[in-house]
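Asker: Just so you know, the sequences run in chain order A and D. Quick note: the first sequence uses the UniProt record's numbering, first residue 1, plus one each step. Quick note: the second sequence uses the UniProt record's numbering, first residue 1, plus one each step.
Because the hints were derived from the structure by calculation, they are not lab data. Source: prediction; values computed, not measured. Treat the hints with care, as some may be off.
The list makes no distinction among identical chains, and a pair is therefore deemed to hold if it is satisfied within one copy or across any two copies.
Within a straight-line C-alpha distance of at most 20 Å, the following computed SDA-like cross-link-like pairs (lysine to any residue) qualify [stated by the list, open to error]:
(1) K260 to S220
(2) K260 to E217
(3) K260 to R301
(4) K260 to P221
(5) K473 to L333
(6) K260 to E299
(7) K263 to N389
(8) K260 to S300
(9) K473 to T56
(10) K174 to T363
(11) K81 to A382
(12) K413 to I159
(13) K81 to P391
(14) K263 to P221
(15) K260 to T463
(16) K81 to G171
(17) K71 to R161
(18) K413 to H52
(19) K270 to S208
(20) K263 to Q325
(21) K199 to R301
(22) K260 to L295
Protein chains: 2
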Amino acid sequence: MAMSSLRQASRVLVRSRVARTLTRSATTSAFHSTPPADPTSSADASQSLAAHYFPTEPDMPRLMTSFPGPKSVEKLNSLDKVYDTQAAYMVCDYQNSVGNYICDADQNLYLDVYAQIASIPLGYNNPVLMTAAQSPEMIDAIVNRPALGTFPSTLWEQILREGILSAAPKGFDKVWTSMSGSDANECAYKAAFMYHRAKQRGKTSEFSDLERQTTMENASPGSPDLAILSFDKAFHGRLFGSLSTTRSNPIHKLDIPAFKWPKAPFPALKYPLDQYETENRAEEDRCLTALETILQEWESRISAVVVEPIQSEGGDNHATPYFFQQLRALTKLHGILLIVDEVQTGVAATGMFWAHEHWNLDTPPDLVTFSKKFQAAGYYYANDDLRPNLPFRQFNTWCGDPSKAIIAREIVKEVRAHDLVTRTRQVGGYLYEHLAELQSRFPHLMQNLRGKDRGTFIAWDATDSQTRNMLLKDMKGAGINIGGCGTHSVRMRPGMPFFSRLSQ
Amino acid sequence: MAMSSLRQASRVLVRSRVARTLTRSATTSAFHSTPPADPTSSADASQSLAAHYFPTEPDMPRLMTSFPGPKSVEKLNSLDKVYDTQAAYMVCDYQNSVGNYICDADQNLYLDVYAQIASIPLGYNNPVLMTAAQSPEMIDAIVNRPALGTFPSTLWEQILREGILSAAPKGFDKVWTSMSGSDANECAYKAAFMYHRAKQRGKTSEFSDLERQTTMENASPGSPDLAILSFDKAFHGRLFGSLSTTRSNPIHKLDIPAFKWPKAPFPALKYPLDQYETENRAEEDRCLTALETILQEWESRISAVVVEPIQSEGGDNHATPYFFQQLRALTKLHGILLIVDEVQTGVAATGMFWAHEHWNLDTPPDLVTFSKKFQAAGYYYANDDLRPNLPFRQFNTWCGDPSKAIIAREIVKEVRAHDLVTRTRQVGGYLYEHLAELQSRFPHLMQNLRGKDRGTFIAWDATDSQTRNMLLKDMKGAGINIGGCGTHSVRMRPGMPFFSRLSQ
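Model the full structure from these sequences, guided by the hints.
Answerer: Next comes the structure, spelled out in C-alpha cells:
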C-alpha cells in the first residue's frame, strides 16, 4: 500500500472507530453493565469508584497540539544529550496526569491504555497509593533501605503477608522478592538450577572439591551445563539469563551472548479460538509433541520450562487451558520444573488475579514470577526444596525493595475492596464485543482479535508492521496512548481504573 | 586452636580494643582532627553536623539482650515460614534506628559500620533524606512510576543533572540508569558487546539476515561468542551475566550455569603497601603479563575488562594506581573497553567521591557503574558510540527508578554541602592509625590491615575463617555491627555520618 493510502486507512480506523470505542469504554457511564456479582461489594463502591478515585478525570482526551507536541520534542532533544531517548514517545507530566489519562509536557491529556508498558495498576495519582506513599512505613522504607536477606525489618513479614502473600495463587505460600521482572525470572531460574542439582546430589550432601574448583572457572560440574527451555516468541526479560529465554524479536537480542538453551514452538492459534477448536487442538498437539522431543533429546539437561500465560511482547499469542494442562503433565512426567511468568499477565489484568488460574491445573506450577503492575517483583513457590540448602546462595544486597512491597499491599487491598477482578472481566467482555463488531466492519484493517474472556488483555493484528506503527502514532494523535507487540499487533494494557467506570 | 581459645582470643580483641576504637571514632568529640580544609564549608557546618543530623544519637551502643536477642530470633523463625532467612543476622527496627546506630527487634542499638552491606549513605533516619522522601516529586515517582525509556517525565533531566550527573567522574557526561549493581554491570556489559559488534560491522550497517535468524536460536553470529574478562576474587553481582564475572566464593556460583568467560589473576599484595613496594610491583607486573596473554590468546573475543577499584566481597584486595594505569593502557592497546565497577567503592567511601579518582589516569575508563550507597544504579559513559544505534536495544520496562534518583540527588547535595569526602578521608586516617596500633599489639589476631589513605574503606585479616566468624559475632555481642569479606577478612563499611562526628 502506498504511504498515503496507509495513512488514510489508519485514520479511518482511528478517528471514526477505535478511539471512540476506547474513550467511551473508559469514560461513559451510559453503558449497560451489571454491577459486580459479588454480594459483599457494596452498592456504593460499585457505583462511585471512579468518582471516588478521580473526581477530576476528564471524559475524553484533551488535545492542545499535534503529536508529539513541541515541548515534548524540545525536552527529548535536551534529555537526549545525557540519557538515551531513542525509544521515547513523549515526555510526560505525571503530576498533571489523572486516572486513565496521561498528561504530556504540552499538557495534552491522552487516554492511556498502555499504562507504562502494562505497569500502572490503579491509574495516575491514585489517592490511595498517594496516601500509602506518604505513610511512615514508606518513608522508613525509602530512607532506611534494608538488605532484606541479612537485616530484614520488624515490619517485613506483615508487609508480605498482608500484601504479596495474601494475593498468592492457589497452592503457593512463600515468596522471594527481587527488583524487576527480569530479575524475578533469573532468581527463579537460579532456584530451579539449585533444585535440580540438589536432587542429583542429595539435598544435604556437601559440594565436592571438584565442584568448588570448577565453578570458579565457570566450568562444569560446579557451573553445570543445565538449561531453561522457553518458547518461540517468548519474552522473559533483558538480563543475560532471562534474555537467553527471550525469543520475541531480534532487536531484543542482537550482539548479546546467549546461553545455548532450547526453545520449543508455541502454538500459532487461529482466532477467535472457539471457531477453530479442531485446528487449534491439532496445532497445540504439534507443539506439545515437539516440546516432548526436545525435553528428551536436548544435549544438556533441562531444569525448567518457563512460559507466559499469554505471550505479550511477542504478539499477544494465546494458548488454551488444554495446552497448559498438558504442559504441566509433561513437565511433571519428565521431572522438570514449570515456571509461569506472570510479569505482564498478573495482577487482575486477564479477569483473574493470575492468568494461570484460567487453566484449572490439577497441580500448580512450581514457581510463578511477578513484577510490573504489582510494582514489587519476585516469585512465589511452595516446595521447601526450592529453597537452597545454604545461606547466601539465593541472595544479593537488597533482595527486593520494601517500598514496592508496601505499594503492592495497597494494590491487593484495592483490588479486593472494589472487586476489580470482576470489573475487569466485565469491561473486557464489553470491549471485546465492540472491537469484534469493528473487526467485522473493517476486516482489511483489524484481524485476529484476541483476548475473549481474558479481561482487557486484548489485542488484534494490523495488516502489516508499517500499518500498525502508523496506527499507533495516529491513535496518539487522536488522544489514545496504545501499544504494539509482536511484528504487527496492537495491544491494550489499561490499568484497572479503566475497568472501574463501566459499572457506574 | 580449640574453640575455647578461639573464643577467648576473639573476646580480647573485641572487648578491649576494636569495639572501643570504633565506638570512640563514631561518637567521641574529643579526638583531635582538623576541620575540613575546604574554606567554603562554614565553621558552623563543620562543628555541628552530627548534632544537626542526629541530635538523639547515643554515644555508645545500648545492649538490652545478648546477640541475637529473643525477639529477633522469634521474628526470624516466623518470617522464615514464608521468606528465606538463612542469611539473616537479626530483625531490625529501622524506625528506631538513628544515625550510625541500628536498632534491632529487642531494642538493642548497635554501632553499624556495615551499613546494609555498604548501602546506607547518610545514616538511619537522616532528616534530609526524610524530607526528600516526603516531597511531591517523591510521591509522584512512587505512585506514577514511569517507563523511563519510553515515557520519561518532565522532571527526569533535572533530577539526573542535579544529582547523578553532577557527581559524574571526570570525563563522563552521560548516564544509563538501572535497578541494582548487578543490573548496572549487565547493562554495561551489553553496551560493551553492542559497541564491539558495531565496530566490526560498521555502526550504521544493517544487521544481516543471518544475524537476525541466528540470534533467535541463541547462536552465533547473531548471539556472538564474545566475553567479558574479570579478575580472580572479583565480585560483580548475582545475575547470570554478572555472576559469570564474579569469582569471589564458590557459594556465590555453585550450580548456576555460567558463560565461558576468562579471568585474570588479581594482584595479591603485601600490606602495608608502602613497606612492600618492590614485591608488590613484581606481583602487579606478573598479573599484568598474565592478563595480556589472556587478552591475546583467549578463544573468544574479549569485549571488555571489568574491575573493582578495591575488590570488596572477595576480601578487600587492593592494587596500586600503577596497576590500574597499566590496565588502562593495555585495554586501550588491545581495543578492549574498561568497565570500572564502583558499586561498592563509589560515593565518597574511599576518600574520593569515586575510588578510581585515586589512579590519576591519562584517559578515563569507558564505563563506570554504581549502585548501593547511591541508592540509584546505572553506568556513566561519555563516548556516543556506547549508545546503541537503534532504540529498544539498551532497554527494559522501567530503565531504573526515579524515586532512587531523587535520593541520589539529595546525597550528592549533602556530600557537597558538608564536604563529606574530606571528612571521610580524615576519619579514615585516624581510624587506620589506631587500628594499626592495635595490629602491632595483637599481631596474632589482626593481620594485613589495609585501606590506608582510602577513607574508611578499611579491612584486616583474622587468623582464619573460624576466628573471623567468631569475631563478627562477638563484635555484635559488644554492640558493633561489622561485616566480613573474602575467606577470613573483616571489613568496615560505615555510612558517612560515621565520618562526620570526628570533626566536631
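Asker: Enumerate the violated hints, using their earlier numbering and listing them in ascending order.
Answerer: 5, 7, 9, 15, 19
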